[in-house]
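What follows is each chain in one-letter form.
There are 2 protein chains.
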Amino acid sequence: MRAEIIAVGTELLMGQIVNTNAQYLAKGLADIGVGVYFQTVVGDNVSRIKESLHIAKGRADLIICTGGLGPTQDDLTKDVLGEVLGQKLVIHEPSMNTMTEMFQRRGIPMVESNARQALMLEQSDPLPNDTGLAVGVAVMHEGTHYILLPGPPKEMKPMFDRYAKPWIESKLDHVQPLYSIMLKFAGIGESALEHALIDLIEAQTDPTIAPYAKEGEVAIRLTTRASSPDEAMTRLRPLEAEIRGRLDEHIYAAEDITLEQQVLRMLAESGQKLAVAESCTGGLLSDLLTAVPGSSQSFLGGVICYSSTLKHKLLGVPMEMLEGPGAPGAVSEETAAELARNTLRLLEADVAVSITGVAGPGESEGKPVGLVYVGLAHRNGQAFAVKLQLSGNRETIKLRAAKSALYHLWKTIKS
Amino acid sequence: MRAEIIAVGTELLMGQIVNTNAQYLAKGLADIGVGVYFQTVVGDNVSRIKESLHIAKGRADLIICTGGLGPTQDDLTKDVLGEVLGQKLVIHEPSMNTMTEMFQRRGIPMVESNARQALMLEQSDPLPNDTGLAVGVAVMHEGTHYILLPGPPKEMKPMFDRYAKPWIESKLDHVQPLYSIMLKFAGIGESALEHALIDLIEAQTDPTIAPYAKEGEVAIRLTTRASSPDEAMTRLRPLEAEIRGRLDEHIYAAEDITLEQQVLRMLAESGQKLAVAESCTGGLLSDLLTAVPGSSQSFLGGVICYSSTLKHKLLGVPMEMLEGPGAPGAVSEETAAELARNTLRLLEADVAVSITGVAGPGESEGKPVGLVYVGLAHRNGQAFAVKLQLSGNRETIKLRAAKSALYHLWKTIKS
Chain V
1 MRAEIIAVGT ELLMGQIVNT NAQYLAKGLA DIGVGVYFQT VVGDNVSRIK
51 ESLHIAKGRA DLIICTGGLG PTQDDLTKDV LGEVLGQKLV IHEPSMNTMT
101 EMFQRRGIPM VESNARQALM LEQSDPLPND TGLAVGVAVM HEGTHYILLP
151 GPPKEMKPMF DRYAKPWIES KLDHVQPLYS IMLKFAGIGE SALEHALIDL
201 IEAQTDPTIA PYAKEGEVAI RLTTRASSPD EAMTRLRPLE AEIRGRLDEH
251 IYAAEDITLE QQVLRMLAES GQKLAVAESC TGGLLSDLLT AVPGSSQSFL
301 GGVICYSSTL KHKLLGVPME MLEGPGAPGA VSEETAAELA RNTLRLLEAD
351 VAVSITGVAG PGESEGKPVG LVYVGLAHRN GQAFAVKLQL SGNRETIKLR
401 AAKSALYHLW KTIKS
Chain G
1 MRAEIIAVGT ELLMGQIVNT NAQYLAKGLA DIGVGVYFQT VVGDNVSRIK
51 ESLHIAKGRA DLIICTGGLG PTQDDLTKDV LGEVLGQKLV IHEPSMNTMT
101 EMFQRRGIPM VESNARQALM LEQSDPLPND TGLAVGVAVM HEGTHYILLP
151 GPPKEMKPMF DRYAKPWIES KLDHVQPLYS IMLKFAGIGE SALEHALIDL
201 IEAQTDPTIA PYAKEGEVAI RLTTRASSPD EAMTRLRPLE AEIRGRLDEH
251 IYAAEDITLE QQVLRMLAES GQKLAVAESC TGGLLSDLLT AVPGSSQSFL
301 GGVICYSSTL KHKLLGVPME MLEGPGAPGA VSEETAAELA RNTLRLLEAD
351 VAVSITGVAG PGESEGKPVG LVYVGLAHRN GQAFAVKLQL SGNRETIKLR
401 AAKSALYHLW KTIKS
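Chains V and G, in that order, give the protein sequences.
Going by my numbering, the first residue of the first sequence is number 1, and it counts up by one from there.
Going by my numbering, the first residue of the second sequence is number 1, and it counts up by one from there.
Isolated chain V, as found in the complex:
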């Protein structure tokens, strides 16, 4: 099956927003073995949407449109597809009822144009919208499959994952479903990971091995097609075991969760409380931790000791350690360890992590940009500091420092 993605929306065309939907769909289609050959962006304009559909029909078996399903006169996608396929638009009653009830519940009158959102093509299958009002459309016409999804990602993503993807899979002939295992890594870079697995990656046929990298974290997905989960696991598990044999110390999860989620989960399970002292990361580590719902169960908080004064006054680092000739300075192993120890004690935590370093753009204390120390202290008496030399701009160094701190934290609470 050859797919084409058409994003409809003048705001995309003019660059007011980025077309992240296309990326999400292309990845999701790849997961079920459907290749995308073209992506198009077109404005809210009848003749140009028609032209795009016409071109796509000539070269794709599956056309997915996003956007233009809303209530306004600019939302034209269903009208245009109906016209192109020669199908009337009809009301999808369950969507209409949900919408009517919602307006009644909120006590606001339903403007007539809202009813447009409950429309579908007369021969189409409806795709329910669990997070919004506009119903989606899936229809097959003269050998081509058409899918219309809403534009807002928070509506598009669940509709695609829950309803459009299974609909597409049901149209794929004789293809077994995909099964995969996601392994998430910390404390190792993308190239080091690839280097360690290069023989497996180069020899891959089935299961496939796909590396993914985002700032500060890398992952690999092992994928195979099989008639049952059991059959899939007999192929996936040996490969996972082989990889674990080489890199187990870096694998923090076998599911798609972030390192901070994993750390918070382990802290909660063991009933330990965490506190932090952040200098060069300036609150980023705490922001990552508190982005996880329920983090307050294990995260006490901490100190953003951006200035030497705060390191000294709030966290009791001796001034002679921070300043003066011969002093280790704020960016040093000694200060990192002292910050962690004192944070543990003063904030009555079970484990404390500190970060101090030079995020740039300029050097500090004569120390180079990217030099960062992470300190760790545990109620069991363990305390140490790790030296890192990170690369990148200010933003990247902050992120890599925070992720490194999480990695050392994970290693500490795991052991």
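Incorrect hints may have been included.
Heads up, the list lumps identical chains together, so a pair's fine if it works in one copy or across two of them.
For lysine-lysine, the following BS3-like pairs were computed, each having C-alpha atoms within a straight-line distance of at most 30 Å [as the list claims (entries may be wrong)]: (1) 387 to 154; (2) 88 to 154; (3) 57 to 165; (4) 157 to 27; (5) 154 to 367; (6) 27 to 50; (7) 273 to 414; (8) 171 to 154; (9) 273 to 367.
Think of the hints as simulated: they come from the structure by calculation, not from any bench.
Please arrange chain G on chain V, whose structure you already have, making use of the hints.
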């Protein structure tokens, strides 16, 4: 002039990276009055790139391709365009010399395929690459303008801004350059802003008024064409004055800087030191502030008082204010003000801001998700707290709370 953007690259098509280049180009073209009518993404494939160029030629006067200018066999864009226009590829000597020198300087042998990056079409104008190796191409053929830019944004953006944009402008007939004023707003939402200016927005012809919104901040750009900056300002200034007359208390800058940049600049100019106490934002406010290079000049740091224990132990909020029957609780005007006052005193700051609230997903202390208090304390004795009711998910509430805190901080140090 009608433009079309074609992004070439299998990694875009498969969703491994997002097509941010298209957004950048669409915005930049809008700035010089060129409308984009279609955007396409196509893989590294000769026949499909050819097909995309052919379709684009039929409906656009300006075709901008990004990607596929590198040294590998997958980099095909120049070859395909040369074939389509019937033009040979020739070496652009200055680019070749720069490349040869660079390899010599680094002491590494230059692989022959690298020479491909110095190729241009025989009748094309070269577009210099100040941040990479592949030279760009600008060429006019049978009434259509073609521009080839590199794929990596760090090469594409400077080449477009410095060389491609002026080349396009030189092809626009009798069109005067654009001048604009960007006004940045805080403490007001997009719809309230539009409501206040709706008569101006609806009546706009010249200058034009374009609103922009990103989470927590809104902006409007006033734009006109003129033969000189002076002539432009005689039209832009009266409109700016009209807008300031209505919304001056919300305009924090007449240039494209963030609210945190403006706050830090004002603190530095007045020699004031800032400290923070963050509860529900969990470090995000500090992260935003420390993302600005040089922030350490004015930002001392602060406390992430995520737990009641830390609010009490580190920042001296009385336990009877935080807990127990009849206590205001951690999320209250009293606690916000107390946090700000104590942070100011304990951290010896000139101004202190505190944030405490319910980020969700669940309620806290029986208080609803989105209820947030911002506290402000100044060395001059001023101290107060503001109540906010924010909407959105956990991430959005954290961001809106941090931006609201910055807004009240800005108002305080401005007065």
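Hint-by-hint comparison with the structure:
In this assembly of identical chains, residue 387 and residue 154 lie within 30 Å of each other by CA distance solely across copies; the values are 29 Å between and 41 Å within a copy. Proximity of residue 88 and residue 154 under a CA criterion of 30 Å is satisfied intra-copy only: 28 Å inside one chain copy versus 48 Å between copies. In this assembly of identical chains, residue 57 and residue 165 lie within 30 Å of each other by CA distance solely inside one copy; the values are 20 Å within and 34 Å between copies. In this assembly of identical chains, residue 157 and residue 27 lie within 30 Å of each other by CA distance both inside one copy and across copies; the values are 12 Å within and 26 Å between.
In this assembly of identical chains, the alpha carbons of residue 154 and residue 367 lie at most 30 Å apart only when taken from different copies (26 Å versus 45 Å within one copy). For the identical chains of this complex, residue 27 and residue 50 are neighbours both inside a copy (26 Å) and across copies (25 Å), given an alpha-carbon limit of 30 Å. Taking identical chains as interchangeable, the C-alpha atoms of residue 273 and residue 414 lie at most 30 Å apart only when both belong to the same chain, with a minimum of 14 Å there against 40 Å between chains. For a Cα distance limit of 30 Å, the shortest separation of residue 171 from residue 154 inside one copy, 25 Å, qualifies, whereas the shortest one across copies, 42 Å, does not.
When the C-alpha separation of residue 273 and residue 367 is checked against a cutoff of 30 Å, the pair qualifies only between copies, where the shortest distance is 25 Å, while the shortest distance within a copy is 33 Å.
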